[in-house]
Amino acid sequence: MSQGLTMVVCIKQVPDSAQIRVHPVTNTIMRQGVPTIINPYDLFALEQALALRDQLGGTVTVLTMGPQMAETSLRKAMGHGADRAILLTDRFFAGSDTLATSFALSAAIGKINAETPVDVVFTGKQTIDGDTAQVGPGIARRMGLNQLTYVSAIPAIDKAAGEITAHRRAEGGVQVLKTKLPCLVTMLEGTNELRRGSLPDVLRAERAEITTWNAKDAGIEDVTKCGLKGSPTKVSKVFAPKPRSERAAMIEGADATPAAIAAAAVETLVAADPALPGVITRPSALA
Amino acid sequence: MTTEHFDAIVVGAGPAGNSATLTLARGGLKVLQIERGEYPGAKNVQGAVLYADAVEKLIPDFRDSAPLERHIIEQRIWMLDDTSYVGSHFRSDNFNEDKPNRYTILRAQFDKWFNKKVKEAGALVICETTVTGLLRDKKGRVTGVTTDRDQGEVTADVVVLADGVNAVLGTRAGLRPEVRPKDVALGVKETMFLPRETIDARFNLKGNEGVVIEAAGTITAGMTGTGFLYTNGDSLSVGIGCLISDFAESGVRPYDLLERFKRHPAIAPLIEGAEVKEYVAHMLPEGGYEAVPPLYGDGWVVAGDSAQFLNAMHREGSNLAMTSGRLAGETIVAAKKAGKKMSAKTLKAYRAALDDSFVLKDLKKYRRLPKVLETNKHFFTEYPRLLTHAAETWLRVDGVTKREKERDIVSAFRHRRRLSGLVSDMFKMGRAWR
Amino acid sequence: MSETPAKPPARAAKSKELPEHLKAYRHVWVFIELEHGRVHSVSWELLGEARKLADTLKVDVAGVVLGPAGEGTDQAVAEAFHYGADQVYLVEDPLLTNYRTDPFTKALTDLVNTHKPEILMLGASTLGRDLAGALATTLATGLTADCTELAIDGTSRALAATRPTFGGSLLCTIMTLAARPQMATVRPRVMSMPEPDRSRAGPVIRERLDMVEEDIVTKVLDFIPDADTNQAQLAFADIVVAGGLGLQRPENVQLVKDLAEVLGAEYGCSRPLIQKGWMTADRQIGQTGKTIRPRLYIAAGISGAIQHRVGSEGADRILAINTDPNAPIFDFAHHGIVGDALEILPALTEAFRARLAVDRLAG
Ligand SMILES: Cc1cc2nc3c(=O)[nH]c(=O)nc-3n(C[C@H](O)[C@H](O)[C@H](O)COP(=O)(O)OP(=O)(O)OC[C@H]3O[C@@H](n4cnc5c(N)ncnc54)[C@H](O)[C@@H]3O)c2cc1C
Ligand SMILES: Cc1cc2nc3c(=O)[nH]c(=O)nc-3n(C[C@H](O)[C@H](O)[C@H](O)COP(=O)(O)OP(=O)(O)OC[C@H]3O[C@@H](n4cnc5c(N)ncnc54)[C@H](O)[C@@H]3O)c2cc1C
Ligand SMILES: Nc1ncnc2c1ncn2[C@@H]1O[C@H](COP(=O)(O)O)[C@@H](O)[C@H]1O
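Residue numbers (full-length UniProt numbering), protein chains in the order written: chain A, 1 to 287; chain B, 1 to 434; chain C, 1 to 363.
Just so you know, these hints were derived from the structure itself, not from any lab. Even glycine gets a Cβ: it sits at the ideal position worked out from N, Cα and C. Fair warning: there could be bad hints in the mix.
To be verified - Capping the alpha-carbon separation at 30 Å, the derived lysine-lysine pairs in DSSO-like fashion look like this: (1) A:Lys234 with C:Lys23; (2) C:Lys219 with A:Lys237; (3) A:Lys229 with C:Lys219; (4) C:Lys52 with A:Lys234; (5) A:Lys178 with C:Lys52; (6) A:Lys237 with C:Lys276; (7) A:Lys225 with A:Lys180; (8) A:Lys225 with C:Lys276; (9) C:Lys52 with A:Lys111; (10) A:Lys237 with C:Lys257; (11) B:Lys341 with B:Lys371; (12) C:Lys116 with A:Lys234; (13) A:Lys234 with C:Lys58; (14) C:Lys276 with B:Lys277; (15) C:Lys219 with A:Lys159; (16) A:Lys180 with C:Lys257; (17) C:Lys276 with A:Lys229; (18) A:Lys229 with C:Lys116; (19) B:Lys402 with B:Lys57; (20) B:Lys341 with A:Lys237; (21) C:Lys219 with A:Lys225; (22) B:Lys348 with B:Lys377.
What the hints assert, rightly or not - Some chain B residues flagged as far from chain A (calculated, every beta-carbon gap over 10 Å): (23) Tyr39; (24) Thr129; (25) Asn166.
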């Protein structure tokens with residue numbers, strides 16, 4: 001256990017979806033001025049990796065594939081305590097879907113692995129822009145890592161034995177899984193709270209050299225597997241959801257008292273859906 | 001605590017902080033800038049009109065890369081009552097010059113751009129970090145700052161306080177008296193999205209031309225304050241501000257005031273169909289010259305809103321902030337070059353530079369204005385009504401003789417406000433203006 | 001094909017034309033998610049959707065059942081026919097008892113490579129998403145997750161899968177043109193449940209899983225069922241009552257619970273309440289929470305941000321209570337009350353209680 005765990009956390013810089021607007025006339029996204037953030041789901045992965053480092057020692061490398069400006073997110077991650085950051089950027093990567101993304105990320109992780117064997121690769125559960133939850137499993141398959149998705153806790157890692165135990169969220173319960181290192185973990189949201197880095201952390205992050213790799217640096221020879229070319233899915237159109245044509249009909253009641261309004265509301269709802277009282281099942285309601 | 005020591009620390013990444021940091025970094029100092037927002041500009045609010053002059057002094061070619069919305073070719077100044085407005089419009093093709101003088105901007109974007117320049121100049125900038133206090137030595141000299149992070153203390157020869165209107169740091173450290181409610185206004189503002197083409201058509205604009213409207217009158221419900229509407233690229237900034245003390249007294253909610261302003265028949269058609277993108281509230285220092293706190297001391301200087309540098313009459317703030325930040329930076333760089341200690345004695349040169357600039361000269365010119373407006377609320381009640389009444393009477397053609405109309409207008413004025421009051425108001429206003 | 005002679009037709013044709021070797025891929029498959037002896041209802045919803053797509057394409061619908069031999073598996077096969085499958089592919093093996101990525105991916109990969117479906121759909125459950133991601137990479141094909149609408153593109157015969165993007169503020173339609181099968185996942189309760197036809201049956205095609213336990217690295221040590229019986233069943237509730245920041249104080253969450261109690265409803269909330277710890281994470285409604293499709297949704301003190309909207313607007317009927325007449329929630333609610341939720345909620349609770357008492361006496 002002397003050298004601790006070598007961990008890679010994949011993070012993605014995404015536009016803050018809460019601030020995206022659709023141009024009402026042209027129906028296009030107005031991304032201008034929309035701040036970017038680290039994909040919120042990835043923060044759970046980052047904290048889990050940092051916590052394991054606290055516990056068992058080792059290093060946490062954050063990795064992102066994206067445009068040059070994604071450097072901001074890498075620096076932020078370092079400000080939270082990550083040891084090292086790698087930006088994978090190349091025009092060949094533009095337009096990647098999840099298959100092409102996991103291809104490129106796998107190449108980069110492969111390169112890190114060649115320097116120091118990687119024990120655990122972390123990703124978030126999903127991104128808020130792509131939202132597919134596919135890149136994690138994609139990396140695992142491609143690299144032949146054991147795949148642990150929707151992990152809510154990692155109660156044990158034994159580096160010497162090369163074993164990891166994880167709690168995985170499943171339908172209706174939690175699976176307790178044991179598998180071998182190296183593995184890929186996609187972290188479930190809400191499992192931890194990301195630490196704030198110390199002042200020395202942020203000072204170091206702000207000045208850190210961000211390692212930048214292009215496709216060739218990452219050892220990718222076949223660029224047709226990257227970007228638009230390497231993506232089997234094509235976005236054929238992007239459009240705004242149809243707004244409901246009418247606004248809500250306001251319920252006012254005989255007078256403005258809450259009781260009158262509530263009575264009117266019950267009448268309105270039952271009139272609109274006469275079967276509604278029948279749906280109301282719980283007998284205790286009548287007690 | 002980091003063991004690292006800096007030549008200077010700048011608190012805040014608004015116009016004042018950015019200007020100071022840029023100047024210090026260019027002067028070869030090792031400078032750390034600390035901003036509490038997620039990024040520079042994240043928390044900053046402004047109408048916003050940018051005055052080219054102050055930026056040019058720092059970044060002469062800023063027009064090539066700064067995120068500018070529109071340059072202003074028309075200014076409207078309106079006096080509104082509940083249903084009407086009278087006012088003046090000035091529009092000139094001369095403003096379509098190579099290097100326009102005023103622009104509308106969105107602060108979040110502008111501050112971010114500005115800060116990029118600061119970083120390029122070599123300053124170290126950290127965000128999401130709040131300065132919680134000042135480090136002092138036994139003699140009371142400021143020696144650095146404390147932050148809200150673990151191991152969060154860091155030292156420097158001098159600290160530039162550019163932390164904005166609340167000026168919490170200076171107050172907490174006892175370097176200045178607390179900011180009084182009557183010296184600050186609360187501005188509320190909405191950015192409303194409207195397609196570029198609609199704005200162009202509605203305001204008769206082409207290309208990057210823009211219009212700004214400043215409005216006063218009964219829209220502030222008798223409180224001291226003004227409203228505004230600025231055209232951005234594909235949005236409008238609509239806002240209104242009044243003194244905090246007035247809000248407190250009247251019980252009017254700022255948001256309601258803004259809603260009322262937006263519904264005013266002069267404003268409503270201009271913003272029709274616009275979708276609210278963002279609502280923000282922010283304070284403005286409006287105490288003027290009399291409210292300016294001590295500006296320097298052993299190991300510290302203060303710049304921008306934090307020093308009450310705002311010209312409420314002309315709605316200038318960011319330019320005063322930039323200029324004071326730059327002058328603070330220049331003072332420190334000069335001292336450093338001369339090998340001087342950052343003592344009060346050395347930093348006094350900052351005050352002198354400000355006295356010599358438009359910053360303090362302009363504030364001094366209007367030093368009586370805050371008091372006149374604060375104590376004579378009829379500027380926001382009676383006068384707008386009287387003015388619009390006069391205009392309406394004069395313009396309505398209804399068989400009434402012009403002489404009678406004149407008499408009606410004059411008697412309306414005399415009726416609402418005794419002649420002595422009128423004269424004294426004019427006199428006070430005139431004096432405040434000198 | 002070449003209606004636009006101005007452009008070189010070859011290029012346009014090329015991107016639309018399916019490579020020869022992929023033309024052999026036919027039929028629409030649905031992965032029937034079977035765990036702990038029960039089929040996830042999303043599988044039946046998908047069969048209903050598959051039926052429509054297959055009819056457009058004039059092909060068959062097949063269900064894929066993976067599991068250990070036994071009653072649960074038999075039942076799943078039989079029901080797959082009831083819900084619209086024309087045939088069922090079945091792999092029975094004890095290794096398929098508890099879900100693990102490797103054996104399930106292997107079983108499904110082999111089935112796909114042997115029988116070549118053109119479309120494969122899975123539920124966007126934790127299991128479905130784990131499996132779909134692994135499978136799509138193995139098959140090097142396109143996968144569109146969390147679709148809200150599925151259709152067939154007229155010209156290319158491709159699956160046009162529509163899904164929210166950018167946090168639900170936009171929708172996008174995605175197609176996989178030059179790879180097969182075309183994969184899609186759909187969240188539970190997004191598609192409607194088809195009426196089962198208990199008389200339907202069909203052929204079962206059995207295949208074997210070529211694996212032994214030693215091949216599988218990952219072991220299931222335990223399964224801890226959700227002990228908390230209060231675990232929200234938001235996705236399946238007929239009536240949902242939810243509160244937002246308009247509740248103002250943690251203790252006012254009780255007002256939402258009270259109304260839910262009277263209505264036999266589930267209760268939920270907007271995201272900020274989770275962040276404040278006023279409710280548990282399983283009760284969040286919206287893009288990053290649960291998608292609900294109740295008959296009635298009552299939203300109190302919720303502004304109706306887009307992320308909340310995408311998870312709730314599938315409700316048949318929405319009643320919104322908000323002090324702000326301009327709150328965005330009134331843009332998609334059917335009924336609105338402009339008022340203080342802290343007053344209206346208790347009044348509604350009383351009014352429903354009274355109404356139900358009357359109904360009971362009457363009937
Ligand atoms: C509604 C409105 C409209 C306006 N319109 C105009 C206009 O049209 N034209 C114009 O020129 N001016 C206008 N102003 C005034 C102008 O915005 C200010 O004068 C100017 O922003 C002052 O700059 P500053 O750098 O001093 O302060 P700020 O811009 O307030 O910057 C202070 C910075 O310090 C940070 N900070 C504060 N405390 C701490 C701390 N403890 N630790 C770390 N960081 C901290 C803040 O986050 C902020 O980024 C307007 C103001 C308002 C409110
Ligand atoms: C990536 C991302 C994912 C997100 N996912 C989700 C998600 O899944 N689900 C979700 O809900 N949000 C989500 N959000 C957050 C979302 O953007 C909104 O911030 C959130 O929905 C707002 O919650 P709210 O309506 O409770 O609060 P607010 O927006 O603060 O609205 C409170 C409302 O209550 C009204 N009100 C105030 N007092 C009263 C009263 N006494 N009576 C009645 N009404 C009153 C107000 O007028 C206001 O409309 C997400 C955001 C991001 C960035
Ligand atoms: N461009 C990228 N760079 C680094 N990591 C990524 C990238 N895209 C996705 N990921 C990781 O994969 C996870 C799942 O993403 P997605 O499949 O897009 O939902 C994310 O939470 C990230 O951890």
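Hint by hint, here is what the structure shows:
no., hint, in the structure
1, A:Lys234 with C:Lys23, "19 Å, holds"
2, C:Lys219 with A:Lys237, "43 Å, violated"
3, A:Lys229 with C:Lys219, "38 Å, violated"
4, C:Lys52 with A:Lys234, "23 Å, holds"
5, A:Lys178 with C:Lys52, "41 Å, violated"
6, A:Lys237 with C:Lys276, "38 Å, violated"
7, A:Lys225 with A:Lys180, "29 Å, holds"
8, A:Lys225 with C:Lys276, "44 Å, violated"
9, C:Lys52 with A:Lys111, "46 Å, violated"
10, A:Lys237 with C:Lys257, "42 Å, violated"
11, B:Lys341 with B:Lys371, "39 Å, violated"
12, C:Lys116 with A:Lys234, "21 Å, holds"
13, A:Lys234 with C:Lys58, "24 Å, holds"
14, C:Lys276 with B:Lys277, "25 Å, holds"
15, C:Lys219 with A:Lys159, "17 Å, holds"
16, A:Lys180 with C:Lys257, "45 Å, violated"
17, C:Lys276 with A:Lys229, "44 Å, violated"
18, A:Lys229 with C:Lys116, "24 Å, holds"
19, B:Lys402 with B:Lys57, "53 Å, violated"
20, B:Lys341 with A:Lys237, "64 Å, violated"
21, C:Lys219 with A:Lys225, "33 Å, violated"
22, B:Lys348 with B:Lys377, "38 Å, violated"
23, Tyr39, "7 Å, violated"
24, Thr129, "6 Å, violated"
25, Asn166, "22 Å, holds"
Hint check: violations occur at hints 2, 3, 5, 6, 8, 9, 10, 11, 16, 17, 19, 20, 21, 22, 23, 24; the rest are consistent with the structure.
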